[in-house]
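> Single-letter residue listing:
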Amino acid sequence: MKFAVIQFPGSNCDRDLLNAALKVGAEAEFVDYRTTSLEDFDGVLIPGGFSFGDYLRSGAMAGVAPVTKAIKEAADAGKPVLGICNGFQILTEVGLLPGALIFNDQHTFISRDESLKVVNNETAFTRGYGQGEDVVYPVAHGEGHYYCDDETYDRLAANNQIVLTYNENPNGSRNDIAGIVNEKGNVLGMMPHPERALETLLGSDDGLKLFREMTKWEANHV
Amino acid sequence: MSRFIEPTADDIRNQKLYAEMGLTDAEYDKVIDILGRQPNYTEIGIFSVMWSEHCSYKHSKPFLKQFPTSGERVLMGPGEGAGVVDIGDNQAVVFKVESHNHPSAVEPYQGAATGVGGIIRDIVSIGARPIGLLNSLRFGELTEANNRRLLRGVVSGIGGYGNCIGIPTVSGEVEFDPSYDGNPLVNAMCVGVMDQGKVQKGTAKGVGNKVIYVGLKTGRDGIHGATFASEELSDESESKRPSVQIGDPFTGKKLMEATLAAIDQPELVGIQDMGAAGLTSSSSEMAAKGEAGMNLYLDQVPVREEGISPYEMMLSETQERMLLVVEDGTEQKFLDMFEDFELDAAVIGEVTDSDRLKLYYEEELYADIPVQPLSDEAPVYILEGRKPELDEKAYDYSKKDLNKVFDQLIEHPTHGAKNYIYEQYDNQVGSNTVRKSGFGSGVVRVEGTDKAIAMAIDGKSRYVYADPYNGGKEVVAQVFRSIISTGAVPLAMTDCLNYGSPENPEIYNQLEESTKGMAEACRALETPVVSGNVSLYNENRTASILPTPVIGMVGLIEDVNFMEGISIEAGDAVYLVGETEKSFAGSQIEKLLDNEVSKAVRNIDLELEYSRGMTLRGMLEGGDIKKISPVGRGGIAVKLAQLASFHGLGLDAEIELDGEDLFAENASRYIVTAKPGQDIKDAVEIGRLTEDGFRIKTRDVTIERDLAEVAGAWEGAIPKCMTSVD
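Top line first, the protein sequences correspond to chains U and Z.
Okay, so the first sequence: first residue is -18 according to my numbering, each after it adds one.
Okay, so the second sequence: first residue is 70 according to my numbering, each after it adds one.
A hint or two may mislead.
Straight-line Cα separation of at most 30 Å, DSS-like style, residue types lysine-lysine; simulated pairs [unchecked claim]: (1) Z:K427 <-> U:K4; (2) U:K98 <-> Z:K267; (3) Z:K267 <-> U:K4; (4) Z:K462 <-> Z:K270; (5) Z:K668 <-> Z:K520.
Some chain U residues well away from chain Z (every beta-carbon gap over 12 Å; in silico) [as the list claims (entries may be wrong)]: (6) F22; (7) G29; (8) G34; (9) D35; (10) V45; (11) P119; (12) D135; (13) N148; (14) E164; (15) G188; (16) R193.
Here are the computed distance ranges between Cβ atoms for each label pair [to be verified]: (17) U:E114 <-> Z:G687: 17 to 25 Å; (18) Z:D158 <-> U:D13: 42 to 50 Å; (19) Z:Q84 <-> U:Q87: 29 to 37 Å; (20) Z:D628 <-> U:Q87: 34 to 42 Å; (21) U:D186 <-> Z:D674: 29 to 37 Å.
Note that these hints are calculated values from the structure, not bench results.
These figures come from a predicted structure and were not determined experimentally.
Virtual Cβ for every residue (Gly too), placed ideally from N, Cα, C.
The whole structure should be built from the sequences, with the hints applied where relevant.
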């Protein structure tokens, strides 16, 4: 598996994500946001942080960057696309995932280790986890409140698209949602940072399984 | 005929316009001596910022000279953007602390944000990639609405900048004390790591070499910021809000990456951040260091709007800018690179052999100043200090309700949990943070190695006020304790001297005595000073702040993996290391019960400090003990409450001391956690960590609480103040 790690101006979890992919034995390369094709890659990783400073609205500028079209093509082609934090915000901004990320309820940035539950272990991303398994990933966001209307929520629930929920909701997200997949199951967006949870020395290695499963994409995804 | 309408040289003299810029009559006369004529408006503006306390250290230079600045591992000491220290394997750690007090007082968000941005650029301009941010904050008590407003603004400003640029904020400290009412302190520290071969200097050399400007377009923001930072705050300070700069962390991030890329180019001659006094200090300091002259063509400077005069341009403190000198003929390569990063850049001048800084705008000469005297002949003032009378005070808190004192101290914001603050900072971006804010120093691994850098910051102003000389020693010792508590070997330090007006003899004495003490401690603890900053004139409407030297220190952990798997659990024994003395001058119990600081001697034995610290450090690294917590504000009682609350564990302790001793704050003491029966020098086993309950028994007083009560008070200390909508 060879992953593209998208670099927008201002992306700051890009190195972390590249290192995560390398750590589980995948190939990975940085790809500039001005790139228009991702055909050479088997999967796409959209890092966290801030794209273009996010002064306007999280992901708004990234949503109209040249590489976005290529990300959509990769998603359409069934390649795995993982957006973490700002990456999740971008995925909702461009419509690859439903809903939106709005300001945390307390209107302050929140950074801490968060206890989460894998509520769907049937995706090709989460197959390595037990159903209902508790994991710890750090969160670090100002706009992490997942918002969607009732109709969208019902559809997410009915299709089993909710993958990760907070055990102690830190931001007001609807029904504690921390991460969702698209209907086809190949686009995953989440606010917490599994790429920061790869070593017990740093607090948690619960993110390892996620990246390991992604390297087995061909076999896993049906 | 000039295209800008400005006061003439005669206007400046006759109307004493220089006085508004912060220059004295004598300083103005000295400018005339240097130039051999009266300065014009641009020139007097340049002298006024370069000779401000902020840029010239005119009142503090003699004190700074006392500090030891060299050592086996020191690769570059003070004088450049930041200090550089060897960490082995041809790598180096680069760090510095800087204040942004005055801007934060009038505009807390931007003041704090640009403080962070500025210190990051200092580190980056040396060639290092930042791996950690720290901050030391002081506010008045949170019972005042204005202090809550300042705390909110400062914390979101620090987070707003640091989170966006993507550098983890891994440690910090804060104290709330009425002396900081209306004059908060915001000291930001940045730590970076680099390959030793890439260390850059801010120098302009080689006649004909080109001067490149890169970063944000220059606007009129922050004009005279350095001068503003060197005055006392007053009712008029609010009107100086335009002197506060505006941060742009997105451009800051692009500039950081672009600068690190530029530093990899062999054709780069020198680079300096445009910080305080912007284009003026960067250009003149680079020329001075390179022993060269420089011509700048200011009409080439990228500007945000039309009609910005050379005076405004030279004094603007627009953020996110760097000045580079590159080899003649290679300028296009750099401009192309910066274009790829989508940054504004332009060639704005060249290095000359004239020894003069000459500023042109559309071929008209606006300033012609000899380079060396501008920086070297800045005035230095040596004033008379006055030693205060010592108070003849005998402390006796034995009759006080010490249980109540305990409750009041742990729920005070100074001693309580700081989650409210540090959870607003991204502390793990980069995925190398081994220890983050919460309880103890930050530890960040050097990417791709087993090494880690421990980093801490602290300042104990009440001790310095009580006894400037020994208090100065203690401030250094306190940070030393924090660093050894991670298992790291302390390497070197940086200082930020926050004081009131040096023109007040008592404050001058505080500066004199405390820096003497600090210098002694640096020698004894083998932590030379490699960088620093001075912030004077910290006075509000009625009084001066407590003397607040803040020390930032870094230490090296050779193999951080020893931390893996250490768990603090019920059944662990708790030890008190060091003798407890009835030392209450500058203590928190004194603040609470007497509402003053007595001027009384505080004792500290630096030799003992060093040997005890290094012994404990080795035991932690070797796995003989699990945790080291230095005893600080609030004494043993507060430290034990914090330890239990942080780990969610109970405590059962009996100490052969008087009840009041629980709140004594003498030096060189630690609470250590280890398995029972461990042999630790100068230590007594005082009890155990338990599943539940919290009890400390002394000869005459017992403090007994539910753990939930203690932890709840500790956790709620700041949130309970911040819930009201101001």
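> Hints first: check each against the structure and report whether it holds.
Each hint tested on the structure:
no., hint, result
1, Z:K427 <-> U:K4, "54 Å, violated"
2, U:K98 <-> Z:K267, "46 Å, violated"
3, Z:K267 <-> U:K4, "28 Å, holds"
4, Z:K462 <-> Z:K270, "52 Å, violated"
5, Z:K668 <-> Z:K520, "43 Å, violated"
6, F22, "22 Å, holds"
7, G29, "8 Å, violated"
8, G34, "3 Å, violated"
9, D35, "8 Å, violated"
10, V45, "15 Å, holds"
11, P119, "5 Å, violated"
12, D135, "33 Å, holds"
13, N148, "17 Å, holds"
14, E164, "31 Å, holds"
15, G188, "10 Å, violated"
16, R193, "17 Å, holds"
17, U:E114 <-> Z:G687: 17 to 25 Å, "40 Å, violated"
18, Z:D158 <-> U:D13: 42 to 50 Å, "31 Å, violated"
19, Z:Q84 <-> U:Q87: 29 to 37 Å, "52 Å, violated"
20, Z:D628 <-> U:Q87: 34 to 42 Å, "39 Å, holds"
21, U:D186 <-> Z:D674: 29 to 37 Å, "44 Å, violated"
The structure fails to meet hints 1, 2, 4, 5, 7, 8, 9, 11, 15, 17, 18, 19 and 21 from the earlier list, while all remaining hints are met.
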